[in-house]
Amino acid sequence: MMLLAAEVAPSFWHGFFFVFFALLTCGFALGVLFSNNIVRMAFYLVLSLGASAGLFFLAGAEFVGAMQLMIYVGGTLVLLIFGVMLTAQSRFISMKTPSGEWVLGVAVGGCLLLLLLSVAFQVKDWRTPRGKGGLSLEDSKTSSQIGMAFTGVRVDKLDQKNEQLAGGMSGYLLPFVIVSVHLLVVLVGAAYMARTKRRATATGAVG
Amino acid sequence: MSPTVADFFHNSFRLPESLAYLTAAVIHCVLIILVVAVGALLFIWLERKVSGRIQDRLGPTRVGGAFGWLQTLADGIKLIAKEDITPKDADWLLFKLAPYIGFAASYCAYIALPFADGWAARHMNTAVFFILAVLGIEVFSPILAGYASGSKWSLFGAIREAAQVVSYEVPLGMCVVVPVFLCGTMNLVTIGNMQAGLFTNWLVFNDPFTFVIAVVYFTCATASVNRAPFDLAEAESELVAGFHTEYSGLRWSFFFMAEYGSMFLVSGLAAILFFGGWHGPIPIGEILGDFLAYVVTPLVGIVAWLLSFVFKNVHTADHVAVAGHIANSLGCLNFLLKGLIGVTVMMWVRWTLPRLRIDQVMTTCLKYCVPIAAICFLGALGWRVADWTTGADIPLVGIHYGKGGRGMVRESWVEQTQSAKVAENDVPDAPITDPNASDGPTGSVEQSPDELLTMKGGDQ
Amino acid sequence: MIALVSVSVSHYLVVGAILFVTGVICMATKRNSLGVLMGVELVLNGANLNFIAFGSSYLRANSLGLDGQLMSLFVIVLAAAEAAVALAIALNFYNNHSTIDVDQASDLKG
Amino acid sequence: MATQLDDPRIIEFDVRTDEMLVNMGPQHPSTHGVLRLVLRTDGEIVSEVEPHIGYLHRCAEKIGENLTPRQWIPYTDRMDYLAGMNMNLGWALAVEKLVDHELSEKAKHLRVILAEMGRIASHLVGMGAYGLDLGTFSPFLYAFREREKILDLFEEACGARLTYSYLTPGGATADLPNGWLQKCEAFLEQFEPIIQEYHALLTTNAIFVKRTASIGVMSPEMAVDFGCTGPVLRGSGVDYDLRRDGEERYTEMYDGYAFEVIVQKDGHYPRDHDYPAVPKEAVLGDCWHRFYVRMLEVVQAIDIVRQAIDRYSTASGDYGVPIKLTQKLPKGEAYLETESPRGQMGFYLISHGDSIPWRVRARSSSFCNLSVTSDLCRGCLIADVPAIVGSLDLVMGEIDR
Amino acid sequence: MSGSNLVERLSQQFGEKITGSNLEAIDPWIEVTPQGIVEVTRYLRDDPDLQLNLLNCITGVDYFIADEKKAKKAGWDPHTEVVYHLSSTKNKHTLVLKVMLPRWKDGVEGELPEVPSIAGVFSTANWHEREVFDLSGVMFTGHPDLRRILCPEDWIGHPLRKDYEMPLEYHGIRGR
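Respectively, the protein sequence lines represent chains L, W, P, H and Y.
Per the working numbering, the first sequence runs over residues 1 to 207.
Per the working numbering, the second sequence runs over residues 208 to 667.
Per the working numbering, the third sequence runs over residues 668 to 777.
Per the working numbering, the fourth sequence runs over residues 778 to 1178.
Per the working numbering, the fifth sequence runs over residues 1179 to 1354.
The following block holds chain L by itself, in its conformation from the complex:
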C-alpha cells in the first residue's frame, strides 16, 4: 500500500488525511446521534466539527477552517456546553428517545441519505478528482481575497468581461453588513431573553 501510494506522492497523504478526518467527522457525528448523555453529545460534536475543520484545510479553505475552529468550536460550542452545564441536572443528562421515534427517524434519514449519496456521484465533473494537474496546497492564499470580497471587491473576478455579470461584482458588502447588524440584534436579543424578570416560582418549584 505504501509503495503503491508512493508513486503519487503528496496526494497520498492528502487522501490519507481526507479519509482520516472524514471518518472522525462521521464517526463523532454518529456519536452525537447515538449518545444519550447530553455532555458526551456536546463533546462528540466538538470533535466532529473540529475534524470537519480538518477537511476544510484539506480543501484549501484555510481561512474558513480556522474560522470554523475559532467561532464554531471555540465560541459556539463553548456556549452550548455552557448551556448544558447551566441546565445539567441528573435527570436531563440522559434522556432516552422512544424506540418508535428511532425507527421512524432512521428510516426517513436512511432514505434521505441514499438519495443524497446517489446524487453525489451523479455528475461526472464532481466525481473526477483534479489529479496531478491540481494545485499544491502550499499556495492557498485566499484570506485577503475573502476580506476584500466582504468589503465589496471581488479580486478573483476582476477579469470578468461580461458587462452584466460584472455588475453583480460588488461582492458581499451588503450581506456582510446585514449579518453584522443581525449578529448585534441577536446578541441583544439573546441577552434579553436569557433574563428572567422575576423569580416567580412558588415554593414547590424545582431548583
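FYI, nobody ran anything at the bench for these hints, they're computed from the structure.
Here are the simulated BS3-like pairs of lysine-lysine, each with C-alpha atoms no more than 30 Å apart in a straight line:
| hint | chain 1 | residue 1 | chain 2 | residue 2 |
| --- | --- | --- | --- | --- |
| 1 | H | Lys1101 | Y | Lys1250 |
| 2 | Y | Lys1340 | H | Lys1108 |
| 3 | W | Lys359 | H | Lys987 |
| 4 | H | Lys1042 | Y | Lys1268 |
| 5 | Y | Lys1248 | H | Lys1101 |
| 6 | W | Lys289 | W | Lys256 |
| 7 | H | Lys839 | Y | Lys1247 |
| 8 | Y | Lys1250 | Y | Lys1340 |
| 9 | Y | Lys1251 | H | Lys839 |
| 10 | H | Lys1042 | Y | Lys1270 |
| 11 | W | Lys574 | H | Lys1057 |
| 12 | H | Lys1101 | Y | Lys1247 |
| 13 | Y | Lys1251 | H | Lys1105 |
| 14 | H | Lys839 | Y | Lys1250 |
| 15 | Y | Lys1276 | Y | Lys1247 |
Taking CB as the label site, the calculated pair distances span:
| hint | chain 1 | residue 1 | chain 2 | residue 2 | range |
| --- | --- | --- | --- | --- | --- |
| 16 | H | Leu798 | W | Leu300 | 22 to 30 Å |
| 17 | H | Glu969 | W | Ala244 | 46 to 54 Å |
| 18 | W | Ala244 | L | Leu173 | 46 to 54 Å |
| 19 | Y | Gln1213 | H | Glu998 | 24 to 32 Å |
| 20 | W | His330 | L | Gly147 | 18 to 26 Å |
| 21 | H | Gly1156 | L | Val188 | 25 to 33 Å |
| 22 | Y | Asp1255 | H | Val815 | 40 to 48 Å |
| 23 | W | Ala593 | L | Val188 | 29 to 37 Å |
| 24 | H | Ser1090 | W | Gly272 | 44 to 52 Å |
| 25 | W | Ala288 | H | Pro1047 | 53 to 61 Å |
| 26 | H | His829 | W | Val233 | 54 to 62 Å |
Owing to the predicted nature of the structure, the values given are computational and were not obtained by experimental measurement.
Where a beta carbon is used, it is the ideal one built from N, C-alpha and C, also for glycine.
We have chain L; now place chains W, P, H and Y onto it with these hints.
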C-alpha cells in the same frame, strides 16, 4: 520556495516522496514535542526558582546538582508513580480524555508558530488566526475536566473558565489584528521579517497605539492561558484547585504541560507580533556584515562542503539552505529568549499580585480591555492611514539598519502589484485567474485596494 | 485505495450527506432541546462542507471559487447567532418550566 | 410565594441556575484549619453561609476542671496557637485576679514586651494568610520570614517556638536571658522599615483594594451586637481597646505607656501619615479596614515594645514568682478579659476552695467574630467568602477549644 | 454608678425579677429570675446611663457533687447557673448577671432546665447559647436555632455537667 525538509529527504536519501513527507512530519512533531515537553520541564523549574527568589527563599537546590534543575523530572517521576484516581461520580470517558485535549490543543498550536525565519512546522498564511483558533479549543480541557469530575468545585472552575476564556478571546483577537493589518498579512514569518533591523522597527514601537495594544495583548494572553491574577479556574483559596481538584498523577501533569505550553506560545506570539520575532534589538548581523561575509560565510561554506561528502546528492541550493539555517539558529535563540522573557514576566506577575474576583475579571475584559483594544485598533488604523511617523522612521543611530522596514515592504508590494497589473494588461487572454493570488507582499498578483476600487467604479 | 489517493468533490459530498442526515435524525429524535440544537449544528456543518467542496479549486477545475468559502463563512456566523438565540430560548424555557425536554413544551396545545 | 420573595436568603438573579449546597471545608485551603462553611450558592453568588465548627474541639474547659491553674497553662497555648503569649497572659491575669496576686513592676513590663511581640507575630500571620486567601503567596512568606525572628526571640526566652507556657500566674517562669533586650531592639529596628513592603504588596495594591474595599461591611452596631472584638470591632470604627478600657488589673500593665487606640476618627487613623491613606473605595467596617487596623497595630506594638524595653531595664523588683503548682485557690469567681491579637480573650474561673477550679471558661474572640460570617457573607460572591472570613483572622483552635 | 445603686434601680424597675446580688464578690453580680432575663438585658443594653451593649460571654455552671457526703459539706444545693458577662463599649464598665436554674426541669431527670433566650437582644448570644446548651445542657427557649455547636450532632450528654460520663465508644472510636 526554498527546499523543504521533505525535499531534502527526497533528494538526499532518495526516499519515496510520501515517506519523505512522513519522515519530515515525524521530525517536526518530535521537535515540537521537545519544545513543549522540555519547555514545560524548564518552565516549571523556572517557576519554582523565580518564585523562590521573589519570596526570599532558594527554591529547589538538590536534585540534579547546584540549581535543582532536575527537580521537575523528579516530580514527573513521582507523578507517574502516583495512583490515577477516577472519582465515583465522574464521567469516566470525559474525565480521562480532558487533560489530553488541552495538551493536544496547546501542542497543535505550535504547528504554525515559526521559531525563526521560515522555521515553522507548517507554513500557514493564516498562522495568526490558526494559533488563536486552536488556543481557543484548549478551553474545552478545563470545561470537560471540571464537568466530568463530578465535583462542585470543579464545576465552578469549569464555568469560570468557560466564561473567562470566551470573553477574553474578543480583546485578544482585536489586539492580534493590529499587527496583521499593519503588515498586511496573517503569515507570522512575514510579520516577523518585516520587523527586521533596529528595535525601533518592532511593531510595539510603531506608534503609541501599538504600544498600548502590546500591553493589552499581554494582559489578555495572561488571562486566556489562565495565569494569575486571572487563574480563577484553579483558584486554590476559593475552589480548592478548581477544575483539576479531582485529578492526580500523570493526567494532572498534562494540564500543567498544556498551561506552560500555552504560556510560551502566547509569549512567542507576542514576540513575533510586537517584539521583532527572531530579530535582535540591534541588527548585529548587518552591522558586522563584513565580518560575516569574510569569516562566517566561508565557515558555513566549509561545513556545507563537508556535508556534501556525507550526503552525495546535496545540491547547491541545499548549501545555501544549510547556511541560512545556521544563521537562522541564532535568530531562533533570539526568539526563544524573548518567549522566555514573556514567560518570566508572567511568573513575576503571578507571584506578586493577588487574584481578581470573577466579576472583576469580566469587568477588566469588557470595560477595559475591549474598549482600549478597540480604540487602539482605530488609532493604529488612523496612524497608518494618516501615514504619520512610525518607529521604523526614527533614525536612532543615524543609519537605517533594515533590510526593508515595513514601509519599504509596503511600497514594494504596491510596486509589484502595479507591475503585475501592467503585465496582466499586456496579456488580456490570460487563462482563468489563478485563485491563489498572493496573500501578502511576497506575492505578485495582488491588487492594491485603491486601484481595485477605482476599477470597480469604472466598471459601474 | 483509490479513494485514498484521489479525493474528489463527491467524497466531500458523501461526508456532507452523512453529517446532514445525522443532524436531521438528531433533530427529530432528541428530546433534550440542546440535543436538537446540536442536530442543527450538524446539518449546518454538512451544508458547509458542500460549499467548501464546490468552492475548492483543488477538487475541481471550474469551482465556485471564492463564493463557496464566503457562503460557508456566512453559515458559520449565522450558526453562531442561531446558537445564541436557541440557547437563550432553551434557558428561558428551562427557567420557566424547570425542564429542557422539548416534548414538555406544549403550552400552546389546545 | 410572597413570603418566599420576602425571605432575605433568596436573592434575585437574571439567569437562574440550580442552587447548590457546597461544602467549603473542613479540608479547604482557605479555611484556616478545619472550619467548615456550608454555602448555598446560585452560580457564583452565595445566598447563605453556615459555619460548622467543632472539628478541633477538645473540651479544654472540661480538662481545666481537672487541673490546677498552672497545669492548665499549656492548654491556653493551644487555643490561639498563633498568640500563645497573649493566651498565657490572659489566663495568668484571671488566676491572679482570683488569688489577688500583686505583680512587681518588672514583671508587668516583661509581660507587656512579650504580649506585644506576640501581637506582632500573630498579626504577621494574619496578614500573610490574608494574602493567601486572596491568591497571592509571597506576602505570606515575607510575613513568616519576620515571624521566625520573633519566634527565635521567644525560643531564647522560654525554649518553645509555638506553645510557650511562659507567662504564668504570678509572673513568668523565668527572666529574659542576658542580651535578649538588645536582640529584640535590633529586631524592631530591622523590622519597622519592612512594614512598608507589606503595604506596597498588599495594602495599596490595586487588586487587593478591589478585593477588600467595600466587601463584608460591618456597621459598628452590628459589630457590637455580634460581640466582635479586637481589630474586627475597631475596623468598624468602635473605639474600644481593653488595653485602655479594660479592667484595672489589665490596664495597669499599660499605665504610663504612650499609645493610641487604632481606630478611624474623622477619616484618619492615628499615625497614618506614615502609612498609606485609606483608599476612597474603602468603607469603614469593610475587609480593608480590618486588615489595615491589624497593620497599624503592628506599628503600635513596636512602639509599645520599645517603651517597655526601656522601662523593663530600669524597673525594680523581680520578674515574678509563679504561684505554687497546687496552690489552694480562694473561694470565689473571677472573670477577666484581655486584648489578645484577635480580640477580647476572656477567662472565667470559679473556685470552691480547692487547688483545682470548679469551672473554667474561655471566652474566645474568634468564636464571636466567626458568628458574624453568615450575616456578612449573605449575597456576596464565592470569592468574597475567603476574603471576608480571612479578614476576621480566625484561629480554629481558639474557636473550638 | 455604684453597685448598690444599680441593684436598687433594677429592683425598682423589675420588682421581684431581681432576686439577689453579691456586691462583695470579686466581680459583683446580680441575680435575675429566668423569666426576667430578656427584659433585664434589654433594659441594660438600652438604658442611656448603662449602655451595656456588648455581651462578652454566657457561661453555664453546673453545681453538683455526686458523692453525697461531700455534697453536704459543699454549702450549696445542686443547681445550674447561667452567667452573663456584659460590658459597655461606651461607658467602659462591666456587669455580671446570674440566672439560677434547677439541675433538671421540674426535677425530672433528663429534662434540661429552661431559660429564655436572649438571642433577640444580643445576636452574639445565639452562638453562646448554643455552646452552653451543647456543653452545659441548658435549654434556651425561643432560641432561633438551638443545635449542638462544638460536639457532633449525634453526641450524647453534655460534657460540662458534673454527672457527665464519657461514652464508651463513639462510631467505633474508643471513648474511655
